[in-house]
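Single-letter residue listing:
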Amino acid sequence: MTLVLGLVLIPFLAGLVLLCLRADLPRRVVVVGVTVAVCAGSIALACVAAPVNLEGLPVSRHGIHLGMIVIEALMGLYVVYVGVRSRHYLIVALMVAQGAVMGWFEWLARGDVTADAGQALFVDKFSVVMALINGIVGGGICVFALGYMREYHTKAHREVPDRRPFFFALLLVFMGAMFGLVFANDLPWLFFFWEITTLCSFLLIGYTQTEEAKKNSLRALVMNLSGGLTFALAIVFFYHDAHSVELQKLIHSDHALALLPAALLCFAGITKAAQCPFSSWLLGAMVAPTPVSALLHSSTMVKAGVYLVLRLAPAITGTKVGLMVALVGGVTFLIGSLEAITTSEAKRVLAYSTVANLGLVVMCGGIGTSQAVWAGVLLIIFHAVAKCLLFLCVGVVEHKLHSRNIEDMSGLILYMPKVAVMMLIGMAGMSLAPFGMLISKWAALKAVVDAEPMMCVFIAFGSAATLFFWVKWMGKLVEVVRPQTPVVHEISVDESVALYGLSVATFLACLLFPVLSRQFIEPYVAGVYGQSGSLGPGNTIIMMIMMVLVMLFPFSFLSRGRGVKLVDPYLGGANVEGSPAFTGSGDAVENMTMRNYYMGGVLNELWLSRAAVAGGVALLAAMIAFGSFIL
Amino acid sequence: MNPWIRLILYLVFAPLAGCLLAGWDRRVSARMQSRRGPPILQPFYDVRKLWQKQNLAVCPSQNYYVLFFLVLVIFTGALFFFGSDLLLVIFALTTASIFFVMGAYKASSPFSFIGAERELIQMMAYEPMVLLTAVGMYMVTKTFYVDGIANQKGLLVLTLPGVFLGFVYMLEIKFRKSPFDLSSSHHAHQELVKGITTEFSGRTLAMIEVAHWYESVFLLGWVYLFFASSPILGVVMSLLVYGFVVLVDNVFARLKWQSALRSAWVVTAVLGVGNILVLSLWR
Chain A
0 MTLVLGLVLI PFLAGLVLLC LRADLPRRVV VVGVTVAVCA GSIALACVAA PVNLEGLPVS
60 RHGIHLGMIV IEALMGLYVV YVGVRSRHYL IVALMVAQGA VMGWFEWLAR GDVTADAGQA
120 LFVDKFSVVM ALINGIVGGG ICVFALGYMR EYHTKAHREV PDRRPFFFAL LLVFMGAMFG
180 LVFANDLPWL FFFWEITTLC SFLLIGYTQT EEAKKNSLRA LVMNLSGGLT FALAIVFFYH
240 DAHSVELQKL IHSDHALALL PAALLCFAGI TKAAQCPFSS WLLGAMVAPT PVSALLHSST
300 MVKAGVYLVL RLAPAITGTK VGLMVALVGG VTFLIGSLEA ITTSEAKRVL AYSTVANLGL
360 VVMCGGIGTS QAVWAGVLLI IFHAVAKCLL FLCVGVVEHK LHSRNIEDMS GLILYMPKVA
420 VMMLIGMAGM SLAPFGMLIS KWAALKAVVD AEPMMCVFIA FGSAATLFFW VKWMGKLVEV
480 VRPQTPVVHE ISVDESVALY GLSVATFLAC LLFPVLSRQF IEPYVAGVYG QSGSLGPGNT
540 IIMMIMMVLV MLFPFSFLSR GRGVKLVDPY LGGANVEGSP AFTGSGDAVE NMTMRNYYMG
600 GVLNELWLSR AAVAGGVALL AAMIAFGSFI L
Chain B
0 MNPWIRLILY LVFAPLAGCL LAGWDRRVSA RMQSRRGPPI LQPFYDVRKL WQKQNLAVCP
60 SQNYYVLFFL VLVIFTGALF FFGSDLLLVI FALTTASIFF VMGAYKASSP FSFIGAEREL
120 IQMMAYEPMV LLTAVGMYMV TKTFYVDGIA NQKGLLVLTL PGVFLGFVYM LEIKFRKSPF
180 DLSSSHHAHQ ELVKGITTEF SGRTLAMIEV AHWYESVFLL GWVYLFFASS PILGVVMSLL
240 VYGFVVLVDN VFARLKWQSA LRSAWVVTAV LGVGNILVLS LWR
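Residue numbers (numbering that gives the first Met the number 0), protein chains in the order written: chain A, 0 to 630; chain B, 0 to 282.
Any given hint could be a false lead.
Think about it this way: if two alpha-carbon atoms lie no more than 16 Å apart in a straight line, the pair counts; the simulated EDC-like pairs of lysine to aspartate or glutamate are [stated by the list, open to error]:
#1 Lys319(A) / Asp253(A)
#2 Lys417(A) / Glu344(A)
#3 Lys141(B) / Asp493(A)
#4 Lys176(B) / Glu208(B)
#5 Lys399(A) / Asp240(A)
#6 Lys141(B) / Asp253(A)
The hints are simulated quantities; they were obtained by calculation from the structure and are not laboratory data.
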């Protein structure tokens, strides 16, 4: 109990402390201290034998409840103020509606002791997995941010007002809210943390206060508030019908009671996970400093969305609602992957890939069989570590090259070798066969083919597109064209601690995935469904053989250049000594350049995103309708 | 047959069979163009000669990528003939191809670069159909294991005609035959030069050839699966499909990559998805 409460409260309290710390050193001490504490805490939680004892809150439930209402009301007032100030009346309307719905709930539940009787917190293997991700990956991001933000304000972006105390306070509060979210069983509690993440993400996206940042943060706020509204409605409906506000009860209720609330909660999850009609908020979120993007994309925020959908999987499996959720995921996966091909901006590619991969998780949640949920949890783990690593690497590169264009990263392996190798590790983790994401994709495909064979089509086409954009980026990193002088000081101490840590985490997650699966995912899935998914018996061994095979690759560089005669590349003319230029016709010296394909003529980002919005809206409308008629 | 015996037979005899197939390809192509053509063992002589040549490279590390390409191609085929999971086989094959592409990127000449990019486009073109082929086979046989699929009663091609045709279309791309010889081609006198293999020479080029031998045998093995309940028909059909691929190679001119990609995806969507849709409604 203490452990769980500590994980939630320490980041919150530390966040408040940070708000008052102006100097660099104490801030570092606090942030590093909190990171160590939450990492240790989540690992300790993982080692505690289940079931975790959650009896005996130190304060009365009622008191906590009141406190939450007060904070929620304050947050609501602030959001209304933001809406009025920016003349964005949709925000005001959504917030007022949400407030009204929650008021209705309080009125319904007045004097009802049973509403407070159930377990407020809940810990199972799935929450432990999420807590580990949040603690280790989120902690890594906070440490990274220390070094990154110093450089951000002193070198790269001097024009942005330095509000670092505020920034770090938000990061930690965000992390605390995420811990609360994964441990909450009481739906109003879950909702409370849910709204904190919405507000934090709004404030973080708008951190730089440029026009673009303001606009994008408001968009994120609108979309997440609409999810908040359906969340509130779900609480009211479920309480009205079932006289309970427990997530665990909702999951195990029959369809007549649970389907509509589950559909509404899935809607909320889909907004937060930036699925089809809502994916634009996550793309807009890239205006924020890189640690924010990394946090939103890997350990918190979007993961909260997919967490909820996967949690609800048992309640919607086999229904039309589940099918619609799966379709939203499938469409998002396919279109997101195609869109990622069309852009050369590194962060945008990463964002599209996040959207796509979360689509896959949502698809697994919608299918909702034991095998699918197993694959979904696996996807969450691998995506979190690898994607976080990639974002942070791109952030470092952006500071040194002053560009986030993939074309400018040509030959990065020569002048920023450490970062380039870490990026390659991340990308291999995302796209190469025996490693994390591909294992999970494989598992997802197997799960889907048993339940809804037609959904395989999305995976088949989508994963072909994924392959294309990852490998062409990897190719850019390793190619050797311009003679470059190595960057002397690649990364600061904080940054390198985080980056090395995450590289090792990616590596270990890939290597130890059978252990992860056996220790955490299989017990969770078996606990919910009575059986668990897994890869076929011999397959894990074959996979390990293959993994060892591929991991031998770096060792081949030990005999680098032995017995090989180096020559200039063929350029169709006489090479100019020591440069990528050649003498063409008429003795003119021509330079050569190489650019990746972005398929501008075949794929159009704008059309694709419009198609995604149209498809997503239709599917979500159908989902809510099916939920109301309990199909 | 014991899977270990199959595995050893594959490792030993696949390069031989692949070499003969390649020689036969060149011979038949020559006859179609009213030439005499080289001896049937010419690919083997080529590789032997390449092996003795000096090892030239633009980048010292480019050759390691090709080495791992070869190792992984052999591994892929080994998995297939050992009777493992078909999806695992596909992923292994993809990883192998990625190593090849990365090697070409590393070589960093504009010609190998464009070859690498186009090879990726080709992979993107055939990958969906290949995955759907595995899915189709699963839907009929209820297993992804090659062993189980091969022991199925009844000809798979009868329930999977669309998937089969789509798969043959993808073979055309996978073998880099005209009209899909976008990334590299046998004829080095064109705008591509040799595309993806431009900067590889000597032993490394020999390794690429050997990898193709292994790959051809494995892909024809997959064709065989469609007819596995009648082994003789299976062998005959695999050879016929190979002959068809060679014929198409000689009849068509190269397509642009846009049309190659579009046509491949349309074929997949119509034949592959259509077939699977019918199967899933039928259940």
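Against the structure, the hints come out as follows:
{"no.": "1", "hint": "Lys319(A) / Asp253(A)", "in the structure": "holds, 15 Å"}
{"no.": "2", "hint": "Lys417(A) / Glu344(A)", "in the structure": "violated, 21 Å"}
{"no.": "3", "hint": "Lys141(B) / Asp493(A)", "in the structure": "violated, 52 Å"}
{"no.": "4", "hint": "Lys176(B) / Glu208(B)", "in the structure": "holds, 15 Å"}
{"no.": "5", "hint": "Lys399(A) / Asp240(A)", "in the structure": "violated, 58 Å"}
{"no.": "6", "hint": "Lys141(B) / Asp253(A)", "in the structure": "violated, 31 Å"}
In terms of the numbered hints stated before, the structure departs from hints 2, 3, 5 and 6, listed from lowest to highest.
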